[in-house]
Amino acid sequence: MPLVGSRDISQLASESPVIPGLDTEPLELPGAQLLQLLYEIDDSGMTSLLPPALHPTIPPTVFITVMKAPESPWGPFALAEVRVGCRSGARPRALLYRAVCNSAEAAKGLGERWGYPLVMGEVSLERGYDRVHATAATPGDGLVLDATLRNPDPIGNGDLQYISSLHLARVRRDGEDVVRLIQVDPDYAVSKADRGRPELAACRLGAFGLEGAEISYAVSASAATVNITLPALRYLVDPNKPPLQSVERI
Amino acid sequence: MKFGIFYEISVPRPWERETEYQVYQNCLEQVRLADELGFDQVWAVEHHFLEEYSHCSAPEIFLTACAMQTKNIRIGRGIVVCVPQFNNPIKAAEVAATMDLVSGGRLEFGTGRSATWTELGGFSADPDETKKTWDEWVRIIPKMWTQERFAYEGRAFSMPKRAILPKPYQKPHPPMWVAVTSPGTELDAADRGMGSLGLTFGGFQEQEAKIAEYRRRIKYCNPVGSFVNEQVNTVNFLFCHEDNEYGAKTGQRLAGTFNYLAEQLLAARQAYPTRSYPNLGLLPALRREATSAPEGSIPEGLAIGNPDRIVEVIRKWEAVGVDRINFLLNAIETVPQEEVLASLRLFAKEVMPKFAGKPEAVAVGGAD
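In the order they appear, the protein sequences are chains A and B. Take our numbering: the last position of the first sequence gets the number 250, and nothing is skipped along the way. Take our numbering: the last position of the second sequence gets the number 368, and nothing is skipped along the way.
One or more hints might be untrue.
Unchecked claim - Negatives, chain B to chain A, calculated, CB over 10 Å:
#, residue
1, H55
2, K71
3, L187
What the hints assert, rightly or not - Restricting the straight-line Cα-Cα distance to at most 20 Å, the calculated cross-link-like pairs of lysine to any residue (SDA-like) are:
#, chain 1, residue 1, chain 2, residue 2
4, B, K249, A, L244
5, B, K131, B, G154
6, B, K2, B, N72
7, B, K2, B, K354
8, A, K192, B, S276
9, B, K349, B, E36
10, B, K349, B, T334
11, A, K192, A, L244
12, B, K354, B, R315
13, B, K2, B, K249
14, B, K132, A, G156
15, A, K192, B, K2
16, B, K131, A, G156
17, A, K192, B, P278
18, A, K241, B, Y260
19, B, K131, A, N227
20, B, K132, A, K241
21, B, K249, A, M1
22, B, K143, B, G122
23, B, K131, A, I155
Since the hints were made in silico from the structure, they are not lab data. Think of the CB as a built atom: it goes at the ideal place given N, C-alpha and C, for glycine as much as any other residue.
So here's chain A without its partners, still in its complex pose (with noise of 0.2 Å):
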């Protein structure tokens, strides 16, 4: 059967976001600034990157993401994420242990309502004709992430997919504290899209809680304008069961 993960989890997770309530309402950002690179990395992360409730994608890759919201509850508001692509189970999903974020009052609700694992920093995403820009850094680490889509050139709307996410957080249960992956696959009403070449001029993976991750293929750069859904949570994984035992029922 297919590989699976084999990282021990538990350090992060102390640092991972606590949703005191399941029951949340889905939220619209309208009009968002999206920028997404997709690389291959090095073999040597693909089991030590995912814990065993996850197998790696072949090859094994990360998705870096850069969001960027004009309207929220909380005000504008940009976001930095690296994901790990991987399966749970066969569905295709993508691991995010650490993000950063530029507003404080976004980094508490999205942290609360769906455990995005956020630290404080600041993010820049920049949309021209030529390129389209993302920057992000934090006060402990500095920049790490500095990516580009090259010569933009538009697509179909239809063309674009994302995949969707798992969180690392916390769930309060009995009034204890327990770790959990936490779907969120968000519904994505893409208004605009381009194509192009993905350049990397700073990724400090360790910063997204993917130490010993190396970079090692380009595969595609996309950038759209999208009304993006945050959902009602459905379904979290166990991060030590197997793949077929980890998925809960919300």
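Once you've looked at the hints, dock chain B against the given chain A.
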């Protein structure tokens, strides 16, 4: 209705020295038995880098071995990847002709373009280009077979006039097929007068609509080859056992394992935004729909269970308009080899005779 067997050649971990050897030997033993039992065809895929799921990167070699160990069973390239980073059209035509000669005219020639980033990326192929190069190749390969000397100036491929040798044994040339996985490719097959080599496990309803449209469109086709190969070939799982419950349970385990492995692959569309690969995870959804069923029941379209149930299922496929069914017999050796062989024997004894001697559904053309 004709029956065949279909190989991905999936190999379980751990990959020790004997593992791949044994899986290949098991496959060859199954092919020899299938030939003796009267199965009509054996197909093998071309896949690269697909860990566990498919270790069948040189199907022309495997199928030649099959041909050398059998007498009657036809050998199907399912498929030749028509992408220049994977193959070359001259070489593809030459290899196919040689296979046809050494097998005594038993080749079926399937074409396609690969659907995973795992493979396309591995060969540095451009996903935007694959449909275009496939289209160019399927037009020129039959001419390479039938013209004494061939020259071509095209978009992605050109060559000065040369004799491409040898020529196939079947005249004018082997039947040509298109692998149908993306929605709409069955229409590409119809428009070019090619057989539809279905590689998904769709249920009756979904397949019926596709086949009806294929039949309608192919009437007005502009054939790429020297004849129209109007045939619909579909794929299914086979596990036949006297005990219906045991047969269904084992068959569902086989189907579940295969689908689980398939969904670990990185689809082209998931990695690279392109119009060239239009399905948004539709294929896994279809596979799941076709091979899953409510607790305690058997998925309606699968050839698993006892002979009576399998006869009933095949009658429905026949009614839907399918001409041929190719069976996947195993996945990472989930089913012990002796049980696979027993399943083939029981199918041949109890099921195949029910479909023998009937006129072929709608096939026209075909090799002389």
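Give me the numbers of the hints this structure contradicts, sorted from smallest to largest. Those not satisfied are hints 10, 11, 13, 15, 19, 20, 22.
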